[in-house]
Amino acid sequence: MTTRSTASGRVGALRRNEVRAAWGFSLPALLLLTAFLIVPFVLAFVLAFTDQRLIPNPRLPTEFVGLRNFRRILEDPTFQRALLNNFAFAAFVVPIQSTLALAMAMLVNMKIRGSLVFRTIYFSPVVTTMVVVSAIWFLLYNPDEGFINAFLSAISFGTIPVIEWLQDPRTALLAIGILSVWQGVGFQMVIFLAGLQEIPEQLYEAARIDGASRRQSFWHITLPSLRNTTIFVVISTTILAFRLYDQVKIMTQGGPQDATQTVVYQIERVGFSQLRVGYASALTVVFFLIVLAIALLQRRFLREERTVRE
Amino acid sequence: MKRGTRRALLLDYLLMIALAAFFLFPVVIMLVASFKPDDTLIMRHMSSPLAFVPTEVSLGNYLDVFDNVAFGTAMRNSVVIVGSIVSVGLFVNSLIAYGLARFRFRGRAFLVGLVIALIIIPFESIAVPLLLIVNRFGWLDTLYVQVIPFVADAFSIFLFYQFFIQIPSDLEEAAIVDGASRLRIYWSIVLPLSRPIIATVTILLFLRHWGQLLWPVMVARSEEVRPLTVAMQQFFGQQPREWGQIMAFAAMITIPVLIVYLLFNRWFVQSIASSGVKG
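Just so you know, the sequences run in chain order A and B. Residue 189 in our numbering sits at position 189 of the first sequence, and the numbers go up by one each step. Whatever position you read off the second sequence (first residue = 1), add 310 for our numbering.
Just so you know, the hints here were simulated from the structure itself, not pulled from any lab data.
Cβ pair distances, simulated, as ranges:
{"id": "1", "chain 1": "B", "residue 1": "I327", "chain 2": "A", "residue 2": "R170", "range": "27 to 35 Å"}
{"id": "2", "chain 1": "A", "residue 1": "F64", "chain 2": "B", "residue 2": "I486", "range": "49 to 57 Å"}
{"id": "3", "chain 1": "A", "residue 1": "F70", "chain 2": "B", "residue 2": "S491", "range": "46 to 54 Å"}
{"id": "4", "chain 1": "A", "residue 1": "F70", "chain 2": "B", "residue 2": "F401", "range": "38 to 46 Å"}
{"id": "5", "chain 1": "A", "residue 1": "E198", "chain 2": "B", "residue 2": "F401", "range": "31 to 39 Å"}
In this text, a Cβ means the ideal position worked out from N, Cα and C, and glycines have one as well.
Build out the structure end to end from the sequences listed, making use of the hints.
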């Protein structure tokens, strides 16, 4: 009797100990996440309905302005252009980057000599900082004495005229898209590579025995097996496209003629340079809702996949 | 048949070499240009194959970068900022992840759900309110304002959590019976087993924060606290552009990271691959 009660007493002490340890272990991270992620996140939704400024004017106290910021967003031509640019940028970058990443992953996944070297090279731009990449490509895009124009002119025997890549509103966003693919595609390649290596080799052997061609096994084995990986790559690349900022900040500052305005660049301009925290918060809320919608799309697609499998 | 496969192999190699050239040429041009002593030479060579030929090798641009952009200070700031985020972050994030993975307590399921939900919030959607907060704290233009908000990271916690629920807990249970404290178990049993996930989180955090521009642009303008990215952005914005120095600066930011990448190439690839399982 006495031994049992002390035993259960010890178990109880252990349990209490465990609960105390659990909260002790979690506390530092929880405090930091609350102060620097949850609070500012909620605050964005509150500030979006005010005319808060970064440096408050004592004679003009911050006021609740209802939906005024959101109504302004709807009429703001710069924001509309920025949003349109983000969609155009995503429409250009996402298909190209995803397809190229898959092709590269299949190339370096072949068991041939040198594939590791090629994989290492293809991934290397990912570890090159975007600020640096933007500076280098700015030089390459130089219209008069730039490498890219010279190269295009050489391979076309002079038929391609001089393109003012970053100074021409028709090509500026495209130019940024190209270097973004260059910098980022190695990342998605590695994701696809991980997906490819999970496909059982027997599937391909069985297909070979049945006389399937390389193309057939790609369409009927590789692509269907990569369904979830592809969804992940497409969605995460889309979200990245909506976060476009660094390249614009370095290379074009939104110009020429707003051709490279983006939502995040606007958020920084309005919130930091113009000190209009309230309006920038409203932009932030819109930006977050777009990202959330894209992410929910992914979850939906993935869930469908699971129900099909069951 | 045999000739067909050989031709296919040749085609694959040609394709891979063309892609390699595409991914290498900007970095080679950067390096070559950084060694050319004057900018007219760089510009003249840029539209010819001489862009790839170090016709003259001079370290002048590199020396000028140290004088003109306070390269040493910016490099030190970047190393201190990213080093602090990674080292303190590894500790704080693995600690909560271990608590969530091993202890049974009320609120556990809620906290796990919360952490996963927080992953979706992109930094851009909290940047402006966070700026307002740190401005009120009087934290602007410091090194710690570039560190403290990034120490706790939901995705790192998630990666650690996933790792911890996979490893067997026999050893830890034996240690509890022996009367070891929880903190001691975490420190001397769990962390040594966690090298792969520590490497993964380190690399992912490093890549994310080494190149960060948006936040330091808003909070770190002065020379004493600005990281490499802001130093580059400001130097690049000065007219007329000193291309030789810009390329030397770019090379000095890039080469150390490239060397680390080449040494630990396998780890880099594995970290990125494991970041893809989320969702």
